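Colleague: Construct the entire structure; sequences and hints are all you get.
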Amino acid sequence: MTRVFDVVNPQNEKVDEVVLSEAVFGVPVKGHLLHEAVRWQRARQRRGTASTKGRSEVSGGGRKPWRQKGTGRARAGSNRSPLWRHGGISHGPKPRDWSFRFPKALRRDALRTALSTKIAAREVRILEDLTMDRPSTKTFQSLLKGLGITGKVLVVTSQREEAVEKSARNLPRVKVLLAQGVNVSDVLNADAILFTREALVKVEEALTP
31 MTRVFDVVNP QNEKVDEVVL SEAVFGVPVK GHLLHEAVRW QRARQRRGTA STKGRSEVSG
91 GGRKPWRQKG TGRARAGSNR SPLWRHGGIS HGPKPRDWSF RFPKALRRDA LRTALSTKIA
151 AREVRILEDL TMDRPSTKTF QSLLKGLGIT GKVLVVTSQR EEAVEKSARN LPRVKVLLAQ
211 GVNVSDVLNA DAILFTREAL VKVEEALTP
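All the letters of the sequence shown, read from the start, carry residue numbers 31 to 239 under this note's numbering.
Hints listed in this document are in silico derivations from the structure and should not be mistaken for laboratory results. Please note that a few of the clues may not be correct.
[Stated by the list, open to error] Below, simulated EDC-like cross-link-like pairs (lysine to aspartate or glutamate); rule was C-alpha separation at most 16 angstroms, straight line:
| id | residue 1 | residue 2 |
| --- | --- | --- |
| 1 | K175 | E153 |
| 2 | K99 | E87 |
| 3 | K196 | E153 |
[As the list claims (entries may be wrong)] Okay, the calculated beta carbon distance ranges per label pair:
| id | residue 1 | residue 2 | range |
| --- | --- | --- | --- |
| 4 | P125 | H62 | 29 to 35 angstroms |
| 5 | P40 | A80 | 44 to 50 angstroms |
| 6 | V34 | E192 | 30 to 36 angstroms |
| 7 | A193 | A80 | 36 to 42 angstroms |
| 8 | W96 | D127 | 41 to 47 angstroms |
As the structure is a computational prediction, the values presented were derived from the model and not from experiment. Ideal Cβ placement from N, Cα and C applies to all residues, glycine included.
Modeller: The structure is reproduced here in structure tokens:
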């Protein structure tokens, strides 16, 4: 089976049609796979640098603060105890790697599922080409408005367009990615996805089973 989508120019005029593969853009929704893919992405982004000092790392210690019996006070063996002010931290965080293994085949399957969800919801637009002579946030904003695209927007290009990236970076709800950088989290987070024709071809080729 195939899907047919319109290709428009920057003036929002239909100039062509593209046929999308059902094997890439029409797969069944697998919610558990999307959840795992997003969890994997977020885990990889965690810095894991939180750290506290245990009783062996804080300053102090040495001799027993006071004798064991006869003072009327509770027994104490070290002023580095977690019970003491400036003592060590019990079971505190230590630097660690939060990432876990998520097979490449499953990552691709999850991305196919995410894109299929957006295609089914008609939240994908295909632009013939996207180039700008110079950076202009106002011009880029007008382009999106002319295409009827609002909300959180993910723009996918086939190659780096510096003018486009600079025009979009002042818009907090717009993100520009290269085709090879498309990922589940950004796809699901977007209200609308704008592909250039060439970028869509690259994504389809990469995800074809």
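Colleague: Which earlier hints turn out false for this structure, listed by number in ascending order?
Modeller: The structure conflicts with hints 2, 3, although it agrees with all the remaining ones.
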